[in-house]
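Asks: Generate the whole structure from the sequences, applying the supplied hints.
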Amino acid sequence: MAKNLVLEVKNLRKSFGPASAGFVAIDDISFDLEEGQILGFLGPNGAGKSTTIYCILGLIKPDSGKVHIFDKDVTKFRSEIMVNVNYASADFHLPWNLTVWENLLVYAKLYEVPDAKKRINELLQIFEMSNLRNKAIRDLSTGQRARASLCKALLNKPKLLLLDEPMASMDPDVVDKGIKLLKQIQKEEGMTVLYTSHNMWEIEEIADKVIFINHGKITASGTPLELTQQVLDIETGEANLRDVFIHLTRTK
Amino acid sequence: MTMNPNRVFAIILRHIFTTMHQLERFFDVIISPVLVLVLWGFLSKYVQNIQSSSLAAFLLGGMILWVVFEKVSTDIGVNFMYEIWDRNIINLLASPITFWEFLTGLLTISFIKIIIALTSMWLMAGIFYNFQITSLGFGLALLWINLFIFAVSFGIFNVSLILRYGHTIGPLTWILPFFVQPFAAVFYPISVLPPVLQKIAFVLPIAHVFEGMRYTLKSGQFDFNSFWLATLLNIAYMTGSVVFFTFIFKKVLKSGRLVKLI
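Protein chains in written order, with the numbering used here: chain A, 1263 to 1514; chain B, 573 to 834.
Because the hints were derived from the structure by calculation, they are not lab data. Do not rely on the hints blindly, as some may be mistaken.
Okay, the calculated beta carbon distance ranges per label pair [unchecked claim]:
| # | chain 1 | residue 1 | chain 2 | residue 2 | range |
| --- | --- | --- | --- | --- | --- |
| 1 | A | 1376 | B | 627 | 55 to 65 Å |
| 2 | B | 684 | A | 1377 | 21 to 31 Å |
| 3 | A | 1285 | B | 590 | 20 to 30 Å |
| 4 | B | 585 | A | 1297 | 42 to 52 Å |
Remember, predicted model here, so these are calculated numbers, not experimental data. In this text, a Cβ means the ideal position worked out from N, Cα and C, and glycines have one as well.
Replies: What follows is the structure in structure tokens.
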């Protein structure tokens, strides 16, 4: 039985700068995400991953193409759609002067979370942050800040979660714990996830399917194992996305 | 302790380079002092020729109402920049909030802050200087509303500039209200200004608010002419700032600048 499509990106194109000498960040890409799927979105720096995510969030207007979430056009129904979507990136913080609890309460209001206090307590417990609830974000370690951001990203039990390198600059132990927690919550709550990272191990651990993007174009897609076998042309039972990444990035 | 002049020079050089990249910093260095001089020059000229018992009331009333404009107009832009400085702006904009909801939130918080500021100034002016701003009666509320609306238009204009040019434009947000001050006839009547500047003052709603305030303090009657002039001008400014903001917002969505604010 065909599953529901949560995200549908079709012929998306975005360029920056003047038409004649502009930089094409996304060049006619199409992909979709089924309910409950975790998509690893890979590519070198400047490949167009973040631009794609911003188009999905409705924060950049594409030149052409469409982004449909829950079968609705994101450019027309943005607010309605975003109640069931969430986003986290290591590039962005929660306000530093506010405590973890205050931050989560503000975002719970923004995402119209019913019974916000219960949900916040639940997440703080899952991410082992209950004892840090009254600490200001500036007083947390990098790993704790990332966990607070993940709490924010999961507040509204999003049906679609966009994670743009959420665990960048974290030590392997924290990443391992974070990935396991995310997988557990994803299974329990049936979320669909789009996940970008430069850490191939993270993607191998979490993704059902991988899309590789370079110079704004999708150059390969499949499960981590399929990609390893296809791109590296080897018979193997283990995914090796690191070598896939290097091969695809260096191949024009 | 010895000082290494090269290292000191390195710091100076760093700021020269920054100033070259951010021309708005010149406003801080050159234009701001000039505006202060112009303001106090006209005030001195006005005070020299006046023998009015209402002078203290004019000055205090002017100052209290000016604070409304200055605080509200800068507060909206500054609170917006806090989200950029906190690197929180993308988290916020990625949420279901619309930009107009965000602006309305900023505006409401400015409104609450200015009510608190006005109350404390009203109490202090009454206790220490025996000046009752409430002597302006019901007209005070009308003056205040016009000031607030113009400050909001100004705030929306500031946010549009930040959206377009990024947070480096920040210092301008603080200074812009002071560009208006000499022409706003805060402490002296429009008639004190040279004819060219009078024309500028005439198209500023707040100049009519302050004219109205002085008239009411002097005669005890509300100046409807000034009130309606200020209201009409405010409608034009508010429409202009909303149109400008909408234009800029569409532009930054297209250019990708919205996600590059930090």
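Asks: Take the hints in turn and mark each one as holding or not.
Replies: Structure-based check of each hint:
1. A:1376 with B:627: 55 to 65 Å: 60 Å, holds
2. B:684 with A:1377: 21 to 31 Å: 28 Å, holds
3. A:1285 with B:590: 20 to 30 Å: This hint holds: roughly 27 Å between Cβ atoms.
4. B:585 with A:1297: 42 to 52 Å: For residue 585 of chain B and residue 1297 of chain A the Cβ distance comes to about 57 Å; the hint is violated.
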